[in-house]
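With the hints as your guide, set chains D, G and V onto chain C.
Protein chains in written order, with this note's numbering: chain C, 1 to 173; chain D, 1 to 122; chain G, 1 to 343; chain V, 1 to 102.
Hints are computed from structural coordinates only; laboratory data are not their basis. Bear in mind the structure is a predicted one, so any value in this text is a computation, not a measurement. Be a bit skeptical, because a hint or two may be false.
[To be verified] Simulated pairs of lysine to any residue, SDA-like, Cα-Cα distance not exceeding 25 angstroms:
{"no.": "1", "chain 1": "C", "residue 1": "LYS170", "chain 2": "V", "residue 2": "ASP98"}
{"no.": "2", "chain 1": "G", "residue 1": "LYS89", "chain 2": "D", "residue 2": "GLU37"}
{"no.": "3", "chain 1": "G", "residue 1": "LYS78", "chain 2": "D", "residue 2": "THR20"}
{"no.": "4", "chain 1": "G", "residue 1": "LYS89", "chain 2": "C", "residue 2": "TYR36"}
{"no.": "5", "chain 1": "C", "residue 1": "LYS32", "chain 2": "C", "residue 2": "ALA101"}
{"no.": "6", "chain 1": "C", "residue 1": "LYS170", "chain 2": "G", "residue 2": "VAL307"}
{"no.": "7", "chain 1": "D", "residue 1": "LYS36", "chain 2": "G", "residue 2": "VAL307"}
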Amino acid sequence: MVEVALTIPPDVVFIAFATVTLLAAILALQAKELIYGAIALGASFAGIAGMFILLDAPYLAMLQIAIYVGAVVVLILFTIMLVRREEGEEVTEQRERGEGAAGLWIAGLLAVAIAGVAALAGPNLPSTPPGNALPVSQLGPALVTQYPVPLLILAFLLSAALLGAMMLAKVER
Amino acid sequence: MALNPWLAISIFALVILLFTIPLLSLPYLIVFPRRKENPFRDMPFESGQVPQGDARHRLAMQYYPFVLMFVVFDVVGMFLFAWGISFSQIPLDSSLVVLIFLVLLGAPLAYALRLALRRENW
Amino acid sequence: MVNIPTSPADLLPFIISIVTSHTFITIIIFPGMIHLTLVSAFLTWYERKLLARIQLRIGPLYAGGPGGILQPIADGVKLIFKEVILPYKADRTLFTWIPLVLIYLGTLPFAVIPFGQHWVIANLDVGLVFIFATTSVFPSMIIIFAWASNSKYPFIGGLRSLFQQVAYEIPMWISALSVVILAGSLNLVDIVNKQAKIWFIVPAFLSFIVFFICIMAELERLPFDLPEAEPELVAGWFTEASGAIFMAIFLALYLKLYMMSALVTDLFLGGWWGPPFLPQPVWTVLKALVVATAIIIPRGIYPRIRVDMLIRIGWTRLLVIALANVFITVVLVNSGLLARWGL
Amino acid sequence: MVTLVSYIIVSAALLGIGIYGISVKRNAIRILFAVEIIVNAANINFAAFTRYLNPPTVSGQVIVFYSIAASAMEAAIGLALILVAFRLNGSIDVRKMDKLKG
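Just chain C, with the same shape it has in the complex (with noise of 0.2 angstroms):
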C-alpha cells in the first residue's frame, strides 16, 4: 500500500480558477446577448472568490460572491431587461475596421508589461506564504480600531450612491 495525503492539490486548483476566470472575463465582453454575458460575470467573479479561498481569505471570497453575484448582478439584469428595445433588439456592437485589433494590441501589451515586470521581480519576491494564515475574527478589529474613518466615510458614500441613484433613476415630472 501507498499512503498519500488527501490535499488539495493547489497548482491545479489555482490553473482551474485561473482559467474559469479569465474565460469567464472574455465571454462577459463578447458574448452576443447580453444576458449570457452577465452570468458569464458572475462565474468571474466566483472564479475570483475560488482565489481569495486559496490565499486564505474565505471571508472576502463569501463577501465577493454575496456582493458581485448575489447583489451587483441582479442589478446589472434588471439594467439589462429595462434597457431592451421594445421591439426586443439588444442593442448591436457594430465596429470600425482596426479598431478592435487596436484595442487588443494595446491591452496585450501593458498586459504582457505587467507580467514581464512580475516575473523579472520574481526571485525577489517570497515564494511561499508565511505559516498560519490569520482567522477570520482578525478582520472586524481591525476594521474598526485601524480603519475606523474608512468606515463612517463609507457611510457617506453608500447614502450619497442610494440617494444619487434613486434621483437619476426616478421619473421626472
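The following block gives chains D, G and V in isolation, referenced to the frame of chain C:
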C-alpha cells in the same frame, strides 16, 4: 480525521453533480431528439388565451429602487458581520464607530424608502 | 491520509476503508445525499397530507404504505417520463440548466449545517456567511429562468420573487447577526456548542421572530407566496416548467425549505441539544421537521398579503426591528446578565 | 508551483481584458462590465500581496473590503446613469451619447 473543509465541500459538490446530471440530461437524451414542431403545444401558457406580443417586455420600474437598496444594504450587512464575529474582543468604545455608521445610514434609508414608496415617482 | 492499493488483495480493504470513512458517510449517507433525497421526498408528501388534514380532506392515499407515503416515488416516475415542453422562442440552454443550478444552491448549504457534534460535512469557519452567500444567488437564477421561458406569467412571477427575496434577505441577515454576536463565531458547530446551556431563542427572541418571518418570505410560503400566487399567475416563475425540469425545481424548493428549517434549528433552537435519550442527529432532524411544519401550516390557514404591504413590512418594520435587536443583544452581552450561561 | 507571481500574472491578464473592453466596446453596460473586471484585478493583487507579507496582516483584506463596497456602489450609480441615458437617447450606445455636439 478532519479533512480540509473546502476539500469536503468540493467533493460534496461533485457528488451533487453525479446525482443531478442524469436527471437533467434526460430531456436532452430522450425528449429533444424526437421533438416535432407543434406551434400550438409550444405556445406560452396563458390560460387558453392566444399570447399577444413579446413576453420579455420592458418591465415595470417600480421594483428598481428596492434592488438598489438591496445592493447598499448587502454591503452594510457584510460589514456588520465582520464586526459581529469579534464583538467580544473589541473594546466597547471602538464598537461605537459601528453605531455611528448605522445612524449615518438611517436618514438616507428613510428618505430612500419615502421616494421608493411613492408610486408617482416610478 | 488515503492508502492507494498496489495489489488486487488490497482492493477490498481499500474499498472498506473508503466506505467507512467519516467523509464518505457524511457526504453520501447522513447529512449528505441519501438523507437529503429521502427527507425532501418525505416533505413533499408531508405537506400535501398536512394541508389535506387542515382542510378536512384525505390527501394522498393510494400509492402504497401507510397513508400513501410512497406518493413521492410515483410522482417522480411520472415526472421523469413526461414530455418537456420548451416554450416558443425560449432559451433552451438556460431553460434546461438553471434548474440544476437551483438544486446546487439548495443542496450546497447542507455542507456546513451540522446535524450533530461530528455529523457535519465541512466544519467551516465562515459557515453562516457561506449559507448566506449561496442563498443570495437564488434571486438572480430565478429571474434568469423566468426570462428564459419567454412567457408573461413566469416573467411577472420572477420579478415578484426577485424583489421579495431581495427585500427580506437583509432583515434575515441582520437578525442572524445577534446570534453571531452571542456566539462570537460564524462556525455553525461553535454556534450550536454555545447553546448547550441556553438556547439562543431565549436571549434573542425578537430576532427569532424576525428570522422566521423572513425565511417564510424567502421560501415564498403563504402568506408571502406572491411569486406563485395561483389565482393570478398560475404557478409563478415556473409556470412553463414541465417534466424533469419541473421536478428539479420542485426538489430544489423543498431542499431549500429543509435547509432553512435546519438553519433555524441550529441558530436558535439549540441544534442537537436535547434530553440524551435520543442520539444527537435525531434531535436535529426532529426539530427541523417541527420548524418545517410551522412553515407549512400557514398555507392551509392564511390568505396572502398585498404587494405593497409586503414591501412595507420588509423594509420598514422588519429591518428596524432587526437593527434594534442587534443593540438589545449588545446591551445584554455587556450587562453580564447572560454570564451565568457562559455567554 | 503557485507563487505570488502567478497571481500577479492572472491579475495582469484580467486588467488587459478590462482595458480591451473599455477601449473597444460601445455598449455602455459592457463598458461597466470591463470596469468591474479591472477593479477585481486590483482586488486579487491586494489579497495576494497581503497573504505573502511576513509578519501576516489583514490590512490588504480590509482594503479589498472597502474596494468591493466602492465598486458595488460604482455599479449602482453607473447603471442608473445608463438608465437615464437610455431614457434620453433611446439607446445605450456610447457613440450616440453626443447631445453636446453642435
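### Query
Taking each numbered hint in turn, which are not upheld by the structure, reported in ascending numerical order?
The structure conflicts with hint 7 only, although it agrees with all the remaining ones.
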